[in-house]
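Enquirer: Relying on the hints, combine the two individually framed chains into one complex.
Top to bottom, those sequences are chains A and B.
In terms of the working numbering, the first sequence has 516 at position 220, counting the first letter as 1, and numbering is strictly consecutive.
In terms of the working numbering, the second sequence has 128 at position 47, counting the first letter as 1, and numbering is strictly consecutive.
No lab work stands behind these hints, which were simulated from the structure alone.
Bear in mind that the values here come from a model prediction, so they are computed numbers and not experimental data.
This list has only true hints and no planted wrong ones.
List time: in silico DSSO-like cross-link candidates among lysine-lysine, alpha-carbon distance up to 27 Å:
| id | chain 1 | residue 1 | chain 2 | residue 2 |
| --- | --- | --- | --- | --- |
| 1 | B | K166 | A | K485 |
| 2 | A | K399 | A | K432 |
| 3 | B | K85 | A | K339 |
FRET-style restraints, in silico, Cβ to Cβ:
| id | chain 1 | residue 1 | chain 2 | residue 2 | range |
| --- | --- | --- | --- | --- | --- |
| 4 | A | G423 | B | L118 | 20 to 30 Å |
| 5 | A | K432 | B | V145 | 46 to 56 Å |
| 6 | A | S535 | B | Q144 | 34 to 44 Å |
Beta carbons: idealized from backbone N, C-alpha and C, even for Gly.
Here are the chains, one letter per residue:
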Amino acid sequence: MRTTFSIKTHPAKRGWTSGVSLVLPIVLGYVPIGIAFGILAQKAGVSTVNTLLMSLIVYAGSSQLIAVGLFGAGVPPVSIILTTFVVNLRHMLMSAAVAPYLKGWRKVELASFAYELTDETFAVHSGRFVSYGPNKAEAFTINIITQAAWVLGTWLGIVLGGFIRDTKPLALDYALPAMFIALLVMQIKDRVQIAVALLTGTLAVGLLLAGVNQWNVMLATLVGATLGVGIEKWIKKSSS
Amino acid sequence: MDQKVVFLTILGMAVVTYIPRLLPVYFLSSRSLPPLLVDWLRYVPVAVLAAMLFPSLLVQGDQVVLAPGNIFLWAAFPTLLVAWKTRSLFGSVLVGMALVAAGRYVFGL
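Extracted from the complex, chain B is given alone in its bound form (with noise of 0.2 Å):
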């Protein structure tokens, strides 16, 4: 792999990143936003959270799969159990790890 090539898309990545992160804070500091638009603001981090996790639960290839074979999307349910009684993202993110590395090993998948 070349590293210049993916230094130059490292830059790229941190000036798209920072641009969002900096634009809203820079220039609506000052001044308030128009409250149809909190409203929506307010559903966008829920939004965007699941739109990065159910492909990744259930996509494999380019189709659904819902079989026992899918440990992602088994380790799923546990995973959000704890989630919601610890609320602790060190835990979730353990128990989530260790539910597949156990899959994996017990039932070679």
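Here chain A stands alone, though its shape is the one from the complex (with noise of 0.2 Å):
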């Protein structure tokens, strides 16, 4: 995610002070996802023990928020879990990103940047460790106050479900295609990649509608993901 203000720390001053300034945006954007996702966890039926559980070990507000729905469908925990890996895979491709700029970090603190690292968390991070390289106190500071932001936001929304009777009028169903858009409007920096979310989303509706429920997601992305490339080496064939 892009910040909505440009702090420009000089590499020197760099820490957790710059951490928690860097921090605020997503700060603003997790508490409301997670007061939604407490809320509706609380109304599919999930204990607030494991709803708390669910933001402390899983955290990664999309397959959260796609799981309570499922749980509350009565969908078989072994479905639950693989739409939750399929849809986490993306994961794999930011830790994959910012791998090379973790030369030299001991294997306890890559286990546990790894642990906290979401789509939000990683737009900050790349583009820090692009622009001045990686600093560990900040990078930590932007991950524990990110993840203690979502845990709040999923007590509050417990705590309010307990007063809401009708989540509809909330339109709480929202907050995660609202946040897709978003975090993808974010991610878009070329034509091709616009060519690419289109392709994609559009390949992923085909597949839905053709009967591929669980898979649809994962096989548009690879499709998607390819044919970008080849329409950038083809670009690249015809310009030259």
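Expert: Okay, structure coming up:
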């Protein structure tokens, strides 16, 4: 996620303070979505402890929102886990993208950094790594505050959920699509990526209508990203 | 709902979520990737987000619904504009939810 205000911190002055200032836009996004998740989890019949646990150990907003929908619909656990895997597989690519910058980090540092890698923290980290190189204090400050905001939002949602009878007028079910829209817009940097988004999205819809239920996202992604590379090479070839 | 089953499902979710986050950082942090793979990886976040978004906007039940009654689809355009102009996750989510809430209230959708 590109921050709504830009901070040009001198590399020498980086640490937990620059981490705190970078993290604000993510916190503003995570608390309300966490609240939506907390409310929906309560309404789906997931216990308070399990709801908080999900935000603590799964910590992947999109898949958590999808999972509570599936819990509510009585979908078998294996399908829920499989869906979670497919939805969160994108982090593998983000992890691969930041990996080259983390040379020399200790194994325990790599393991805890990876644990809190989300779409938003990835966007901030990769921006910082490219411009200034990695800074451990800054990186971990960003990660820890971000997850704290997510857990806090979840807890607020659980508390508020007790007072709300019907969630439909609140449009909480639109938190996830709206989040996808914002993340997608922030990821798009050129025209080939717009083409990839349109093609992949359409393919995912086509596959779903054809009865490919759980693998439509994964399949469409593999095809879409490959088409993206193909289009890129084709443009380069025809312009040279 | 059996909370023990929910708990075990959440454990499973945690494992399948953590492994893809961990493996590349753990094993690739000391070597460089082939350029073609790097090119390909660049398109994956966009692709996967679109693949999750489009069905949630277009598909209801087992068909594509473009009718004005599909508030999810029509709220997406102003939300997209807000996201593009402000680049704010918070603002976009808030505007999107407000539009859907307003649509439901005004038109009883």
